[in-house]
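Trainee: Sequence:
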Amino acid sequence: MGTWPGGAGWGPSKTGDRLVRVIREQDARGGLEMEDNAGTSGHVPVMLERVLELLGPALSGPRPVVVDANLGLGGHSEALLASNPALRLIGIDRDPFAIDFSTRRLSPYADRITLVHASSDDLEEVLAEAGHTTIDAALFDLGVSSPQLDEAERGFAYSYDAPLDMRMDTQQELTAGLVVNTYSAGELTRILRDYGEERFAPRVAGLIIKERAKEAITSTKRLADIVRDAIPAATRRTGGNPAKRTFQALRIEVNAELTALEAALPAALDALALGGRVAVLSYHSLEDRLTKQALTARTKDTSPPGLPVPLPAHQPRFRLLTRGAELPSDEELARNPRAASARLRAAERIRVD
Numbered sequence: 001m002g003t004w005p006g007g008a009g010w011g012p013s014k015t016g017d018r019l020v021r022v023i024r025e026q027d028a029r030g031g032l033e034m035e036d037n038a039g040t041s042g043h044v045p046v047m048l049e050r051v052l053e054l055l056g057p058a059l060s061g062p063r064p065v066v067v068d069a070n071l072g073l074g075g076h077s078e079a080l081l082a083s084n085p086a087l088r089l090i091g092i093d094r095d096p097f098a099i100d101f102s103t104r105r106l107s108p109y110a111d112r113i114t115l116v117h118a119s120s121d122d123l124e125e126v127l128a129e130a131g132h133t134t135i136d137a138a139l140f141d142l143g144v145s146s147p148q149l150d151e152a153e154r155g156f157a158y159s160y161d162a163p164l165d166m167r168m169d170t171q172q173e174l175t176a177g178l179v180v181n182t183y184s185a186g187e188l189t190r191i192l193r194d195y196g197e198e199r200f201a202p203r204v205a206g207l208i209i210k211e212r213a214k215e216a217i218t219s220t221k222r223l224a225d226i227v228r229d230a231i232p233a234a235t236r237r238t239g240g241n242p243a244k245r246t247f248q249a250l251r252i253e254v255n256a257e258l259t260a261l262e263a264a265l266p267a268a269l270d271a272l273a274l275g276g277r278v279a280v281l282s283y284h285s286l287e288d289r290l291t292k293q294a295l296t297a298r299t300k301d302t303s304p305p306g307l308p309v310p311l312p313a314h315q316p317r318f319r320l321l322t323r324g325a326e327l328p329s330d331e332e333l334a335r336n337p338r339a340a341s342a343r344l345r346a347a348e349r350i351r352v353d
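Each residue of the sequence shown is one higher than the one before, counting from 1 in my numbering.
None of these hints come from the bench; they were simulated from the model.
Be aware that one or more of the hints could be misleading.
[Said to hold, decoys possible] Think about it this way: if two alpha-carbon atoms lie no more than 20 Å apart in a straight line, the pair counts; the simulated DMTMM-like pairs of lysine to aspartate or glutamate are:
{"hint": "1", "residue 1": "K300", "residue 2": "D330"}
{"hint": "2", "residue 1": "K244", "residue 2": "D165"}
{"hint": "3", "residue 1": "K244", "residue 2": "E187"}
{"hint": "4", "residue 1": "K210", "residue 2": "D225"}
{"hint": "5", "residue 1": "K221", "residue 2": "E211"}
[What the hints assert, rightly or not] Simulated restraints on C-beta separations:
{"hint": "6", "residue 1": "V352", "residue 2": "E125", "range": "21 to 31 Å"}
{"hint": "7", "residue 1": "T259", "residue 2": "R319", "range": "25 to 35 Å"}
{"hint": "8", "residue 1": "D194", "residue 2": "N241", "range": "18 to 28 Å"}
Heads up, the beta-carbon is just placed ideally off N, CA and C, and yes, glycines get one too.
Could you put together the complete structure from these sequences and hints?
Mentor: The following block contains the structure:
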């Protein structure tokens with residue numbers, strides 16, 4: 001995890017340290033002791049200090065606007081609102097529980113927040129409806145949230161026996177059960193290979209097809225057992241639970257996570273005002289790769305080679321704020337083991353068209 005910077009943005013003030021400590025303590029208790037807080041126990045916003053540090057300089061104006069494109073439990077949003085009394089926040093999440101929970105959690109800031117039940121790839125439309133043509137900062141905290149993992153009935157985790165669901169938006173029709181029981185062998189192989197990076201994708205898909213012909217696959221335990229049987233024994237001995245790649249692939253497919261990121265991140269970058277900043281927390285290589293590509297494309301000079309002077313129209317509109325992908329500190333990992341896979345990238349708009 002990053003530390004408070006000297007002389008940049010927020011600075012290493014006692015107020016800042018106290019704020020992060022208070023937010024961390026609230027989350028460790030499961031938020032603000034609301035009802036319906038199942039799955040929030042032990043939740044800590046990932047790389048909170050570093051996110052505040054990176055976005056802080058963009059929020060110094062009189063009425064800054066920030067978009068939290070993956071609101072979740074609202075931990076990052078709460079810290080941003082508490083840090084800046086003039087901040088306006090637009091929070092987006094496709095999970096109705098997240099919207100309901102964060103509405104109550106952020107109720108002290110009700111006059112400064114707009115929370116929307118939508119997918120992040122609706123970001124452009126959400127901003128238009130909120131009356132904002134530009135924003136000052138955007139945060140993407142990708143992946144699956146703690147309640148989604150911890151509530152067995154959501155069907156995200158192979159460690160629980162539960163219905164095969166995996167929907168972030170519980171109002172949508174497509175579930176992991178439908179994918180497993182209706183997709184062709186070729187389609188299953190594709191998503192397992194592309195989204196799960198499963199090198200035994202054809203074997204796993206083939207056994208799924210064979211087993212579902214006997215009886216529909218409706219539980220996480222049965223699917224995990226099928227995957228385990230499809231993976232060679234020598235491979236099963238290393239690398240953790242052999243079902244994790246299949247479950248990741250199904251979750252990404254059900255929720256169109258990469259498709260949403262491909263649309264939402266460019267929309268956020270386009271909306272940033274001069275000096276505006278974006279921070280992206282990703283949790284697997286596919287998310288991080290898409291993030292790197294999107295940010296790198298905006299930070300390159302695209303002038304034709306050989307020109308004595310770069311063309312203004314081809315100069316970079318953004319600069320990177322992180323050198324590569326930043327990782328959580330050892331201190332954070334000791335406190336929050338689920339942050340182990342986090343990768344943080346950030347950029348700032350330095351030129352407008």
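Trainee: Which of the numbered hints are not met once you compare them with the structure shown?
Mentor: As far as the earlier hints go, only 1 is violated by this structure.
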